[in-house]
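Chains A and B are the protein sequences, given in the same order.
The numbering of the first sequence is the UniProt record's numbering, which starts it at 1 and goes up by one.
The numbering of the second sequence is the UniProt record's numbering, which starts it at 1 and goes up by one.
In short, the hints are calculated from the structure, not lab data.
Some hints could be false.
Distance ranges between label pairs, derived from CB positions [what the hints assert, rightly or not]:
#1 A/K146 - B/E127: 42 to 50 angstroms
#2 A/F346 - B/A90: 32 to 40 angstroms
#3 A/D224 - B/D333: 35 to 43 angstroms
In silico negatives: residues of chain A with every beta carbon more than 10 angstroms from chain B [unchecked claim]:
#4 V190
#5 D221
#6 M239
#7 L253
#8 N267
#9 S289
#10 P372
#11 R373
#12 R379
Short, incomplete list of chain A residues facing chain B, as computed with Cβ under 8 angstroms [claimed, not checked]:
#13 G33
#14 S54
#15 G77
#16 V166
#17 A242
#18 R268
#19 F346
Note that the structure is a prediction, hence the values are computed from the model and not measured.
Beta carbons are placed, not taken as given, at the ideal position from N, Cα and C, and that holds for glycine.
2 protein chains.
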Amino acid sequence: MPGGPACAYVARMTGPRYTPLAQSLPATVPFVGPETQERQRGAPFAARLGANESIFGPSPHAIAAMQATASEIWMYGDAENHDLRASLAAHHGVRPDNIMVGEGIDGLLGYLVRLMVGPGDTVVTSEGAYPTFNYHVAGFGGVLHKVPYKGDHEDPAALFAKAAEVDAKLVYLANPDNPMGSWHRGADIVAAMQALPAGTLLVLDEAYVECAPEGTAAPVDADDPRLVRMRTFSKVYGMAGARVGYAIGAPDLIAGFNKVRNHFGMNRAAQAGALAALADGDWLAHVQSEIATARGRISAIARENGLTPLPSATNFVTIDCGSDGTFAKAVLDSLVSLGIFVRMPFAEPQNRCIRVSCGPSAELDAFAAALPRALEIARG
Amino acid sequence: MPGGPACAYVARMTGPRYTPLAQSLPATVPFVGPETQERQRGAPFAARLGANESIFGPSPHAIAAMQATASEIWMYGDAENHDLRASLAAHHGVRPDNIMVGEGIDGLLGYLVRLMVGPGDTVVTSEGAYPTFNYHVAGFGGVLHKVPYKGDHEDPAALFAKAAEVDAKLVYLANPDNPMGSWHRGADIVAAMQALPAGTLLVLDEAYVECAPEGTAAPVDADDPRLVRMRTFSKVYGMAGARVGYAIGAPDLIAGFNKVRNHFGMNRAAQAGALAALADGDWLAHVQSEIATARGRISAIARENGLTPLPSATNFVTIDCGSDGTFAKAVLDSLVSLGIFVRMPFAEPQNRCIRVSCGPSAELDAFAAALPRALEIARG
Numbered sequence: 001m002p003g004g005p006a007c008a009y010v011a012r013m014t015g016p017r018y019t020p021l022a023q024s025l026p027a028t029v030p031f032v033g034p035e036t037q038e039r040q041r042g043a044p045f046a047a048r049l050g051a052n053e054s055i056f057g058p059s060p061h062a063i064a065a066m067q068a069t070a071s072e073i074w075m076y077g078d079a080e081n082h083d084l085r086a087s088l089a090a091h092h093g094v095r096p097d098n099i100m101v102g103e104g105i106d107g108l109l110g111y112l113v114r115l116m117v118g119p120g121d122t123v124v125t126s127e128g129a130y131p132t133f134n135y136h137v138a139g140f141g142g143v144l145h146k147v148p149y150k151g152d153h154e155d156p157a158a159l160f161a162k163a164a165e166v167d168a169k170l171v172y173l174a175n176p177d178n179p180m181g182s183w184h185r186g187a188d189i190v191a192a193m194q195a196l197p198a199g200t201l202l203v204l205d206e207a208y209v210e211c212a213p214e215g216t217a218a219p220v221d222a223d224d225p226r227l228v229r230m231r232t233f234s235k236v237y238g239m240a241g242a243r244v245g246y247a248i249g250a251p252d253l254i255a256g257f258n259k260v261r262n263h264f265g266m267n268r269a270a271q272a273g274a275l276a277a278l279a280d281g282d283w284l285a286h287v288q289s290e291i292a293t294a295r296g297r298i299s300a301i302a303r304e305n306g307l308t309p310l311p312s313a314t315n316f317v318t319i320d321c322g323s324d325g326t327f328a329k330a331v332l333d334s335l336v337s338l339g340i341f342v343r344m345p346f347a348e349p350q351n352r353c354i355r356v357s358c359g360p361s362a363e364l365d366a367f368a369a370a371l372p373r374a375l376e377i378a379r380g
Numbered sequence: 001m002p003g004g005p006a007c008a009y010v011a012r013m014t015g016p017r018y019t020p021l022a023q024s025l026p027a028t029v030p031f032v033g034p035e036t037q038e039r040q041r042g043a044p045f046a047a048r049l050g051a052n053e054s055i056f057g058p059s060p061h062a063i064a065a066m067q068a069t070a071s072e073i074w075m076y077g078d079a080e081n082h083d084l085r086a087s088l089a090a091h092h093g094v095r096p097d098n099i100m101v102g103e104g105i106d107g108l109l110g111y112l113v114r115l116m117v118g119p120g121d122t123v124v125t126s127e128g129a130y131p132t133f134n135y136h137v138a139g140f141g142g143v144l145h146k147v148p149y150k151g152d153h154e155d156p157a158a159l160f161a162k163a164a165e166v167d168a169k170l171v172y173l174a175n176p177d178n179p180m181g182s183w184h185r186g187a188d189i190v191a192a193m194q195a196l197p198a199g200t201l202l203v204l205d206e207a208y209v210e211c212a213p214e215g216t217a218a219p220v221d222a223d224d225p226r227l228v229r230m231r232t233f234s235k236v237y238g239m240a241g242a243r244v245g246y247a248i249g250a251p252d253l254i255a256g257f258n259k260v261r262n263h264f265g266m267n268r269a270a271q272a273g274a275l276a277a278l279a280d281g282d283w284l285a286h287v288q289s290e291i292a293t294a295r296g297r298i299s300a301i302a303r304e305n306g307l308t309p310l311p312s313a314t315n316f317v318t319i320d321c322g323s324d325g326t327f328a329k330a331v332l333d334s335l336v337s338l339g340i341f342v343r344m345p346f347a348e349p350q351n352r353c354i355r356v357s358c359g360p361s362a363e364l365d366a367f368a369a370a371l372p373r374a375l376e377i378a379r380g
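Throw the hints in and build the complete structure from the sequences for me.
Structure representation (structure tokens):
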């Protein structure tokens with residue numbers, strides 16, 4: 001029997017047997033973290049302006065809640081996230097069964113893709129949009145179709161048309177957009193959804209919506225089965241390291257997460273911190289104001305250096321360096337070598353830009369001091 | 001065209017399109033959490049002795065580290081878990097590339113199963129062993145084969161023989177065992193591994209090993225490709241709510257996690273807390289001593305009530321209630337109704353027992369006070 005058994009024998013000599021899909025995946029990381037870069041360069045960054053973290057920090061009440069929970073961390077977190085879901089529901093005027101709390105939007109996107117996407121299933125996103133979403137789609141064997149930005153905006157009409165064309169199970173749209181900082185009015189997205197195919201779920205990532213103009217959040221019913229919205233405590237709420245995100249959607253979809261999620265996966269202190277952060281509207285308003293100030297400052301620094309800041313509805317400003325991707329990458333590399341952690345868009349023509357997170361004066365002073373030299377180096 | 005297109009049309013009318021696997025999964029939870037039970041009963045528990053959490057708490061240094069990190073939680077955690085992996089490597093006398101840190105053993109088991117198990121792939125475990133592992137296997141479409149315990153011990157020889165019989169990709173073995181508290185000498189497991197099939201990866205869950213007798217940890221080379229060991233800060237280290245576990249294994253296997261894990265999924269304060277906890281050997285010794293005392297006390301309480309405590313190498317004691325599963329369930333339900341949170345084994349004949357976590361005197365006093373009444377109620 002030289003056929004099956006021999007093959008089986010060979011397979012069994014190779015150690016752990018991965019799935020064909022796992023075997024095919026690269027060991028990539030969607031982003032290289034700042035700590036990794038600090039270890040590579042052998043020095044800490046002077047300003048951490050690359051990951052759209054909120055240097056303004058979390059609410060003092062959130063800090064106090066997390067500190068108070070530290071001694072209770074021997075207890076697993078509430079698997080139902082009951083109190084946080086109840087508060088979020090009240091905050092948004094929806095029901096708790098419209099809310100799923102998870103380990104950041106990244107974690108929730110992973111669960112969502114797992115529920116919907118198997119090998120060969122099609123998914124649509126924008127060329128140059130959030131790479132962690134793409135990572136999850138690839139990780140479950142999905143086939144990504146990408147449409148270009150329209151100017152520096154994601155293009156809902158093109159996204160939904162492509163979804164119809166390729167019969168996509170999911171279409172991803174971030175509003176406001178990362179990495180460009182651009183945005184659509186929520187009403188315009190809802191209008192565009194008339195062309196959303198019936199078999200396509202819209203994943204509307206509103207991670208930055210708390211620093212966008214009034215009217216940016218999509219005015220949709222939480223029970224609308226056509227979309228799921230993603231929100232987070234990682235950006236304006238200043239709790240990226242806590243890992244708390246949530247999805248808003250129709251109860252059937254929300255309940256679906258219970259089939260695959262890590263039920264006891266939430267950090268107990270993070271649950272308490274998010275609850276306190278949500279209740280502290282004053283801190284949110286303070287950070288929103290600081291972000292507005294910082295956006296102005298970053299834009300001014302860009303202009304002083306002959307560069308063009310793009311309008312932003314986020315906690316970062318994307319700066320057009322006025323040339324191509326090679327030049328912007330040189331500016332970025334120079335900034336990094338000077339101790340300023342920033343990032344840049346991945347795709348053409350957006351990669352003519354660098355992306356600078358908002359922060360307090362000290363960090364922006366450091367950026368202002370380094371940028372002229374970085375441009376000098378980049379210009380050779 | 002009444003064939004394909006019509007079917008496609010019907011499918012597209014049904015809303016979000018789940019994968020066939022996701023469609024088939026129930027929305028279950030491996031465990032009902034104590035907070036859920038408290039909401040159901042309308043009152044908090046007087047003693048939380050059901051989830052093998054460490055009521056003795058985490059190291060004061062770990063608490064301080066988490067508190068200090070609260071104001072820095074605006075930063076994502078280090079995606080590489082560099083410092084924690086380096087410390088764990090030094091602690092175990094292995095290399096950092098032998099270590100993968102993840103969101104608790106639960107999170108790591110999910111990633112591992114995802115890497116190895118697709119629809120129809122076979123996996124072996126013990127009847128009544130850790131249900132969250134089973135949840136992950138079912139969640140990726142794997143087919144579970146279960147072997148009975150031998151007495152109240154997991155049976156490595158039977159597990160490995162079954163793995164050979166069904167050509168399993170994974171075989172799960174907890175040592176010490178949960179829910180029975182029993183254990184094997186590590187050397188005996190290594191000896192039994194001579195019968196481990198070449199194509200089967202042993203998942204050796206050593207979550208409780210820090211409270212087991214010397215010699216319980218498997219004396220294997222970290223580079224041994226035949227197994228991966230799982231460890232956690234949730235049990236003896238008292239940080240269940242922080243969600244920090246780690247895998248020890250061969251570098252190829254460890255690197256595989258990078259294909260699918262949530263790279264920025266770790267809570268930054270939890271990383272700092274685990275680092276401090278690992279460095280505090282005095283606290284570990286203190287908790288180990290408290291656990292030994294509590295095991296003695298729980299055993300004494302059981303005997304005073306005519307029940308039989310089983311030997312334990314864990315931070316809980318499994319108590320034989322002397323009858324069948326129906327009786328033990330009645331005892332458990334009565335304890336719960338009296339405000340004592342405990343759990344019990346799921347499978348016959350282990351379900352003749354209840355399982356009581358170690359804790360300080362106050363909690364065990366509450367258990368001691370409730371048990372006679374609970375037995376009275378259970379006996380009708």
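Do the hints match the structure? See the list:
The hint said 42 to 50 angstroms for the Cβ distance between A/K146 and B/E127, and at roughly 48 angstroms that hint holds. Between A/F346 and B/A90 the CB atoms are about 37 angstroms apart, so this pair conforms to the stated range of 32 to 40 angstroms. Distance hint for A/D224 and B/D333: a CB-CB separation of about 42 angstroms, consistent with the stated range 35 to 43 angstroms. Remark: the non-interface label on A/V190 is consistent with the geometry, its nearest Cβ contact in chain B lying 18 angstroms away (cut-off 10 angstroms).
At roughly 14 angstroms from the closest C-beta of chain B, the C-beta of A/D221 stays outside 10 angstroms, upholding its exclusion from the interface. A cut-off of 10 angstroms between C-beta atoms contradicts the statement that A/M239 is not in contact with chain B; the least separation is 5 angstroms. In this structure A/L253 is not separated from chain B by more than 10 angstroms, as the shortest Cβ-Cβ distance comes to only about 6 angstroms. A beta-carbon of chain B comes within 10 angstroms of the beta-carbon of A/N267; the shortest separation is about 4 angstroms.
For A/S289, the non-interface assignment is confirmed: its Cβ lies about 17 angstroms from the closest Cβ of chain B, beyond the 10 angstroms cut-off. Its beta-carbon lying about 27 angstroms from the closest one in chain B, A/P372 satisfies the requirement of being farther than 10 angstroms from that chain. Every CB of chain B is more than 10 angstroms from the CB of A/R373 (nearest about 26 angstroms), matching its label as outside the interface. A/R379, annotated as away from the interface, keeps every beta carbon of chain B farther than 10 angstroms; the closest lies near 32 angstroms.
Given the 8 angstroms rule on beta carbons, the hint for A/G33 holds: about 4 angstroms separates it from the nearest Cβ of chain B. Restraint check, A/S54 versus chain B: the minimum CB separation of about 5 angstroms is within 8 angstroms; hint holds. The beta carbon of A/G77 is positioned within 8 angstroms of a beta carbon in chain B (closest approach about 5 angstroms), and the interface hint is therefore held. A least Cβ separation of about 13 angstroms between A/V166 and chain B goes past the 8 angstroms threshold, and the interface hint is therefore violated.
Proximity of A/A242 to chain B holds as hinted, the smallest CB-CB distance being about 5 angstroms (cut-off 8 angstroms). Annotation: interface hint on A/R268 holds; nearest CB of chain B at approximately 3 angstroms, less than 8 angstroms. Here the hint on A/F346 is broken, as its CB sits about 16 angstroms from the closest CB of chain B, past 8 angstroms.
In this structure, the hints that do not hold are numbers 6, 7, 8, 16 and 19, in rising order.
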